[in-house]
Structure formats: C-alpha cells, structure tokens
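Work out the full structure: start from the sequences and follow the hints.
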Amino acid sequence: MTDFLVDRIDSILFSSWQHFSLVVQCLLLAAVAAVVLATLVYRSPTLSALVNGISAIGLTIPAFALIGLLIAPLGFGVGPAVIVVAFFAALPILRNAVVGLTGIDQSLVEAARGIGMGRVRTLVRIELPLAWPVILTGIRVSAQMVMGIAAITAYALGPGLGGLIFSGLSRLGGANSFESVATGVVCVILLALVLDLLLVGLGRLTTPRGIRV
Amino acid sequence: MSETTLPSPAAAAAPPITGASILLDTVTKRYPGQGKPAVNGLTLEIPAGKIVMFVGPSGCGKTTTLKMINRLIEPTEGRIVLDGDDVTRIDGDALRRRIGYVIQAGGLFPHMSVAANIAIVPKMLGWSKERIAARVDELLELVSLDPDRYRDRFPRELSGGQQQRVGVARALAADPPVLLMDEPFGAVDPITRQRLQDELLNIQSELQKTIVCVTHDFDEAVKLGDWIAIFNEGAQLVQYDTPERILAEPANEFVENFIGSGAGLKQLTLTRVDEVEVADAVVARPGDLATDVLSRMDAVGHNHSVIVDARNRPLQWLSRRQLGRLERVGAARDPRLPVVGNRATLNDALDTMLVSSVGAALVTGPRDTFRGVIDVDTVMDAIGRAHRHARTAHAQGRPVGVNTGTLEAVQASGAPGVPAAGLAGPERTGE
Numbered sequence: 000m001t002d003f004l005v006d007r008i009d010s011i012l013f014s015s016w017q018h019f020s021l022v023v024q025c026l027l028l029a030a031v032a033a034v035v036l037a038t039l040v041y042r043s044p045t046l047s048a049l050v051n052g053i054s055a056i057g058l059t060i061p062a063f064a065l066i067g068l069l070i071a072p073l074g075f076g077v078g079p080a081v082i083v084v085a086f087f088a089a090l091p092i093l094r095n096a097v098v099g100l101t102g103i104d105q106s107l108v109e110a111a112r113g114i115g116m117g118r119v120r121t122l123v124r125i126e127l128p129l130a131w132p133v134i135l136t137g138i139r140v141s142a143q144m145v146m147g148i149a150a151i152t153a154y155a156l157g158p159g160l161g162g163l164i165f166s167g168l169s170r171l172g173g174a175n176s177f178e179s180v181a182t183g184v185v186c187v188i189l190l191a192l193v194l195d196l197l198l199v200g201l202g203r204l205t206t207p208r209g210i211r212v
Numbered sequence: 000m001s002e003t004t005l006p007s008p009a010a011a012a013a014p015p016i017t018g019a020s021i022l023l024d025t026v027t028k029r030y031p032g033q034g035k036p037a038v039n040g041l042t043l044e045i046p047a048g049k050i051v052m053f054v055g056p057s058g059c060g061k062t063t064t065l066k067m068i069n070r071l072i073e074p075t076e077g078r079i080v081l082d083g084d085d086v087t088r089i090d091g092d093a094l095r096r097r098i099g100y101v102i103q104a105g106g107l108f109p110h111m112s113v114a115a116n117i118a119i120v121p122k123m124l125g126w127s128k129e130r131i132a133a134r135v136d137e138l139l140e141l142v143s144l145d146p147d148r149y150r151d152r153f154p155r156e157l158s159g160g161q162q163q164r165v166g167v168a169r170a171l172a173a174d175p176p177v178l179l180m181d182e183p184f185g186a187v188d189p190i191t192r193q194r195l196q197d198e199l200l201n202i203q204s205e206l207q208k209t210i211v212c213v214t215h216d217f218d219e220a221v222k223l224g225d226w227i228a229i230f231n232e233g234a235q236l237v238q239y240d241t242p243e244r245i246l247a248e249p250a251n252e253f254v255e256n257f258i259g260s261g262a263g264l265k266q267l268t269l270t271r272v273d274e275v276e277v278a279d280a281v282v283a284r285p286g287d288l289a290t291d292v293l294s295r296m297d298a299v300g301h302n303h304s305v306i307v308d309a310r311n312r313p314l315q316w317l318s319r320r321q322l323g324r325l326e327r328v329g330a331a332r333d334p335r336l337p338v339v340g341n342r343a344t345l346n347d348a349l350d351t352m353l354v355s356s357v358g359a360a361l362v363t364g365p366r367d368t369f370r371g372v373i374d375v376d377t378v379m380d381a382i383g384r385a386h387r388h389a390r391t392a393h394a395q396g397r398p399v400g401v402n403t404g405t406l407e408a409v410q411a412s413g414a415p416g417v418p419a420a421g422l423a424g425p426e427r428t429g430e
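From first to last, the protein sequence lines stand for chains A and B.
In terms of numbering that gives the first Met the number 0, the first sequence is residues 0 to 212.
In terms of numbering that gives the first Met the number 0, the second sequence is residues 0 to 430.
One or more hints might be untrue.
Some chain B residues close to chain A (C-beta under 10 Å, calculated; not the full set) [stated by the list, open to error]:
1) Glu73
2) Gly99
3) Ile102
4) Gly106
5) His110
6) Val120
7) Arg148
8) Arg152
9) Glu156
10) Ser158
11) Gly160
12) Ala170
13) Ala172
For each label pair, taking beta carbons as the anchor points, the in silico distance ranges come out as [what the hints assert, rightly or not]:
14) B/Ser158 - A/Ser106: 17 to 27 Å
15) B/Gly58 - A/Gln143: 25 to 35 Å
16) B/Asp136 - A/Arg211: 23 to 33 Å
17) B/Ile89 - A/Gln143: 48 to 58 Å
18) A/Arg208 - B/Thr368: 39 to 49 Å
19) A/Ser106 - B/Glu76: 22 to 32 Å
20) B/Asp145 - A/Leu192: 44 to 54 Å
21) B/Asp136 - A/Arg118: 44 to 54 Å
22) B/Glu205 - A/Leu192: 58 to 68 Å
These aren't lab readings, by the way, just hints derived from the structure by calculation.
From a predicted model like this one, the values you see are computed outputs, not experimental measurements.
In this text, a Cβ means the ideal position worked out from N, Cα and C, and glycines have one as well.
Written out as structure tokens, the structure is:
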C-alpha cells in the first residue's frame with residue numbers, strides 16, 4: 000500500500016486536484032444556474048411546485064445511466080462529466096433556493112417595496128441575503144453528493160479520482176487493484192470533508208451577523 | 000405650506016408644517032374575480048400636517064386604501080394627488096421613496112444593522128456617506144435611542160418597542176412629507192404602545208408631517224388622530240371627523256358600536272391637563288410655622304396646603320388636621336402624593352384623583368414644578384364644555400371624505416354638506 004502511494008503520489012495528487020476542481024467549478028455553475036432559475040419561479044406557487052417536483056425526480060435518475068447516455072452526443076472526456084456533475088449539483092440547490100426565497104416573511108418584502116425598493120433591488124438586497132443560509136445549505140448537500148458522482152464520470156473518461164477506482168475495479172484481484180480502489184475512495188472522502196469545511200467557512204464569512212443562528 | 004420668513008419665537012413654538020396634503024380622488028380598487036370592489040369610489044382629503052386615522056373592522060379596506068396612497072396597491076380607477084401633483088402615473092418606486100412607510104413590528108431587515116436599515120432610502124437617493132451617517136444619528140436621537148449604543152445593533156438584539164422606533168426612524172430617513180403607518184403599534188405590549196404613541200405625538204409636534212395611520216383600535220385613533228375616518232365594508236366611509244365630534248355625535252349606529260362603551264370617558268383622553276384651568280393652592284415651604292400656614296389657609300378658605308421644596312417641587316399635601324398636629328412643616332417627601340403632569344390627559348388626572356383620598360390632584364409643569372390643583376369639578380366642567388363645543392362647533396376646515404353615491408352616509412348632522420364638485424381644485428394645506 001505504502002509503495003503504491005509513494006510510487007504514484009504525483010498522479011494521485013494531480014487526480015485529486017482535478018477531481019476537486021471539477022466539483023468546485025460545477026458547483027459554482029450549478030449554484031448560479033439554480034439561483035437564477037429559483038428567482039424566476041419563486042413568485043409563482045405553481046412553478047415553484049413544478050421545479051421542486053423536477054428536482055425530486057431528477058435526483059432519482061441513476062448518475063451512471065445519465066453519463067452513459069451523454070457519451071453518444073457529447074463523446075468522451077470533460078464535456079459529459081461537467082454536465083452530469085453540474086446537473087446533479089443544481090438539484091438540491093434549486094430546491095433550497097426556492098424554499099429559502101418563498102420562506103421569507105412577506106411583511107419584509109412589503110416593507111422593502113413600501114420604502115421604494117424596486118423588484119430587483121428587493122431581490123438582491125433583501126430576499127437573496129435572507130435566503131442565503133438556506134441556499135448555502137443546499138450547496139453543502141450538493142457538494143457532498145457530487146463528490147461521489149464526479150468519480151462515476153470516469154466512465155466517460157472524465158477527469159478526477161474515478162480513474163483510480165474504475166481501473167482498480169476492472170482488474171480486481173490483480174496487483175495493486177485493491178490499493179487503487181481504496182486510494183480513490185479515501186481521497187474522495189477526504190476531498191468531501193475539505194470542501195465541506197471550506198463551505199462552512201464561506202457560510203461564516205457571508206452570513207450577515209444579524210441572521211446568524 | 001406655511002411660509003416662515005424669519006425664525007421668530009412664534010415660529011419656534013409652532014414649527015412649520017412640513018407635511019403635504021393628500022387627495023384620493025374617486026379611487027376604486029377592484030380585484031379580478033371579486034364582484035364587490037375592495038374600495039369603491041372613495042374621495043378622501045387628508046390635510047397637510049395632520050394625523051388622520053383610518054379605523055374600521057378587519058377586511059373593511061382601510062389597509063387597501065392606505066396602500067393605494069403610496070401605490071403599493073395600484074388603484075383600478077381614480078387619481079392620487081400628493082401636494083397638488085397627480086402621482087397616479089409616476090414611477091411607483093420613486094413615489095414610495097418620497098413617502099415614509101411603517102408596518103407592524105417595524106418590518107426591519109434582520110440582516111442589516113440598525114444604521115443600515117435607516118440608511119436604505121437615503122442611499123437610494125444618492126446621499127453622501129457623511130450626510131447619511133449624520134442623518135442616522137439624528138433620527139436615532141429623535142426616536143429616543145442612543146446612537147452610540149444602538150447604531151450597530153441588529154434588529155433581533157432590540158426589544159419590540161425599539162424595533163418599532165427604528166421602523167419609524169427608517170420611514171423618516173429621507174424627511175418625507177407623508178408618513179403612512181399600517182397598524183404600527185399592534186405588536187407591542189400595552190405599556191410600550193402607550194409610550195410609542197406619546198412619542199409619535201411628540202415627534203409630530205416637532206415635525207408636522209402628514210401622517211395616515213391604520214388601526215383597529217378606536218382608542219388609539221382618538222388619542223393620535225386629528226381626524227378619524229371610520230370605514231365599513233368596501234371602504235365605505237361612514238364618518239370622517241374630529242375625535243371630539245365623532246365621540247359627541249356618532250353618525251349612526253355602526254359608529255356608536257365601533258366606539259364601544261364609555262364614549263364619555265374617552266372624551267377625557269382628548270383634553271390635557273394644561274388645557275384646563277387649575278386652582279391655586281396655599282403653598283408653604285419646609286420650616287414654615289404651621290400656625291402661619293393655617294392662618295393663610297383661613298384667609299383664602301382652603302382646607303389643604305401644598306408644601307414645595309426649594310425648586311418648587313411638591314413634597315407634601317397637608318390638611319388642616321395634619322397641620323394642626325405640627326409645629327413646623329417638615330421636609331419629608333410623601334411618596335403617595337397624587338401628582339399629574341401638565342401633558343397628562345384628564346383621564347389620567349381623574350384616575351390619580353380617584354386613588355388619592357382628597358378627590359383632587361397636584362399638577363406639575365416643566366421640571367416637576369408645582370402649578371396648581373385639579374379636582375373632580377374641573378374635570379366635569381371640561382367634559383361639559385368639550386361636549387357643548389363639539390356639538391356646536393362649526394366644522395371649519397373639515398376635509399372632504401365621500402364615496403360616490405353615498406353622500407348621505409358620510410355627512411354628520413350639523414355639518415355643512417361639501418359638494419363633491421370642486422374637489423379638483425387646490426386642496427387646503429392646513430388650517
């Protein structure tokens with residue numbers, strides 16, 4: 000095991016970095032897309048319910064199947080990996096963003112409108128900051144979830160630690176096969192912990208003192 | 000708007016009206032899918048610099064009417080005229096920045112500090128940082144909150160009453176001529192509510208804004224309002240008059256029921272102690288010979304003597320019998336002395352009298368100095384006078400308030416009918 004690690008430390012670190020980078024970038028993309036979509040639908044109860052439904056159904060799609068399906072139109076590599084990871088990342092964020100935005104005390108929105116804040120200003124200055132802790136919780140859930148999903152994208156030859164896991168599984172029983180899988184899994188778990196800690200820190204920094212619990 | 004040329008003592012005593020008049024001109028609000036309009040052809044004039052209270056049962060459309068003034072709710076028909084300008088078509092957000100808005104519990108944004116909450120409107124209006132900071136401190140002082148202590152706090156670190164004060168400060172931030180309040184004191188305890196009401200009156204006497212306030216509490220309306228508009232279902236204006244006249248001459252049974260019992264007692268809250276004449280008293284100081292004081296009392300035929308300290312603050316209130324037992328007047332302070340302030344209502348004064356054993360109370364003026372004695376007879380006189388005055392008073396400067404086709408319902412007996420025509424003319428801007 001030690002030999003395996005020492006021999007391949009460079010490539011393991013590189014894969015870890017790529018894995019982390021893929022997840023973080025997809026998370027960013029997903030967060031932006033989800034929040035924008037949420038702000039478009041949260042005023043309508045029908046659309047909100049629809050979006051929540053889609054998000055619930057979306058999460059039941061097997062990641063492995065989705066990536067397999069995407070190989071045909073998009074080919075192998077980073078493309079399908081990004082799409083799959085971002086898609087799954089967006090779902091919990093979307094749900095939380097809608098819940099967060101609809102859960103705001105309507106008297107506050109009315110107060111904002113009543114003192115002359117426009118719709119956009121009310122959204123940016125009042126509603127999004129108040130919904131932010133809920134949205135961030137969604138981002139944390141997403142981060143944990145897509146760390147694992149990102150490993151699956153190795154099936155489409157995407158970047159990251161999935162390669163170690165898949166190559167080890169494909170020749171299970173062979174030399175270093177177990178070490179390869181174990182290394183991949185442990186690294187994914189470690190990365191997930193690191194990212195979660197970073198997100199907790201981000202929450203501390205970005206949650207206004209007045210609404211910190 | 001009054002035109003003050005030079006700062007004179009008179010001007011200092013009565014600050015200029017900074018409020019603007021408001022006119023709702025045959026305003027109607029219909030919601031889609033509802034047969035009856037929420038507000039039906041309401042014409043209402045709100046004079047500049049006055050407090051107008053909207054009261055009525057819940058769901059009567061009083062809040063809808065209020066929100067149409069700043070167009071949070073857009074009227075389906077009709078015009079809104081602010082200070083002579085038709086504001087029905089201008090940008091709603093720009094309009095609302097010119098109108099203060101206070102909601103129940105203050106509606107403070109929990110993620111912003113007190114200072115940031117107050118600074119919102121000035122910021123939107125592009126004020127400089129220094130000007131905003133100075134204004135925030137000024138406003139916190141105005142609502143009796145120490146700026147150094149409260150400026151950087153967050154709303155959840157404040158009590159309900161303090162939040163409401165900050166809400167008022169935020170509404171006044173850009174010095175708007177009009178302040179709209181939607182059940183502002185509904186969410187605080189009775190003692191705090193009373194204090195906030197008193198403070199609002201103080202602020203108003205200083206600023207002379209036009210304040211429109213929705214409440215379901217008739218007593219609050221009587222206490223705060225220069226004018227009270229009583230609404231029934233569909234924002235039908237049942238009576239629009241001064242508190243005195245509504246109490247003395249309710250337009251119909253609906254108003255009577257709404258006033259509830261004790262209209263006479265409510266009259267008492269309308270008059271303040273400094274508006275009635277107080278009786279003189281025999282005043283003595285600690286150290287005076289009791290016999291001297293007694294002989295002075297004989298001379299004017301009084302049965303009590305008020306002992307005051309060096310700064311003229313009342314210490315004791317002694318009867319003949321109590322004085323007869325003394326050689327010299329003592330300097331002790333009687334903690335149970337029935338004292339009422341100058342600005343207390345007759346209601347408070349009566350209450351103090353009833354619990355004191357003498358059926359009268361001492362009146363104190365600024366810095367608690369002794370002014371005179373008020374007794375039950377004075378209060379009875381004042382009630383009688385207020386009643387006669389309210390009945391006979393000519394409704395001078397009485398603002399217009401009608402619903403289309405319901406003229407007869409609004410006109411209280413004795414008041415001259417105001418023709419609905421001629422409303423489009425320039426509004427009165429005060430009295």
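Exercise for review: With chain A as the partner, please determine if B/Gly106 meets the hint condition of a C-beta pair closer than 10 Å.
Suggested key: 3 Å, holds
Practice item. Just tell me: holds or violated, for the beta carbon distance of B/Asp145 and A/Leu192 against 44 to 54 Å? Key: 46 Å, holds
**Study point:** Outcome for the supplied range 48 to 58 Å, where the beta carbon pair is B/Ile89 and A/Gln143
**Key:** About 51 Å separates the Cβ atoms of B/Ile89 and A/Gln143, which means 48 to 58 Å holds.
Review point. Does the CB of B/Arg152 sit less than 10 Å away from some CB of chain A?
Key: Hint holds; B/Arg152 Cβ to chain A Cβ min 9 Å, cut 10 Å.
Point to revise | Per-residue hint verdict: B/Arg148, partner chain A, C-beta under 10 Å | key: 16 Å, violated
**Study point:** Hint status (Cβ of B/Ala170 to nearest Cβ of chain A, threshold 10 Å)
**Key:** At 7 Å from the nearest chain A Cβ, B/Ala170 passes the 10 Å test, so the hint holds.
Check your understanding: Do the numbers back the hint for B/His110, that is, is its least Cβ distance to chain A under 10 Å?
Key -> 4 Å, holds
Practice item. With a cut-off of 10 Å on the beta carbons, see whether B/Glu73 makes it to chain A. Key: 12 Å, violated
Review point. Taking the least C-beta to C-beta distance, is B/Ala172 closer than 10 Å to chain A?
Key: 8 Å, holds
Point to revise | Hint status (Cβ of B/Glu156 to nearest Cβ of chain A, threshold 10 Å) | key: At 8 Å from the nearest chain A Cβ, B/Glu156 passes the 10 Å test, so the hint holds.
Practice item. Mind checking the hinted window 17 to 27 Å against the Cβ distance between B/Ser158 and A/Ser106? Key: 18 Å, holds
Review point. Cβ-Cβ distance between B/Glu205 and A/Leu192: within 58 to 68 Å?
Key: 60 Å, holds
Of the hints listed earlier, those the structure fails to meet are numbers 1, 7, 10, 11, 15, 21, in rising order.
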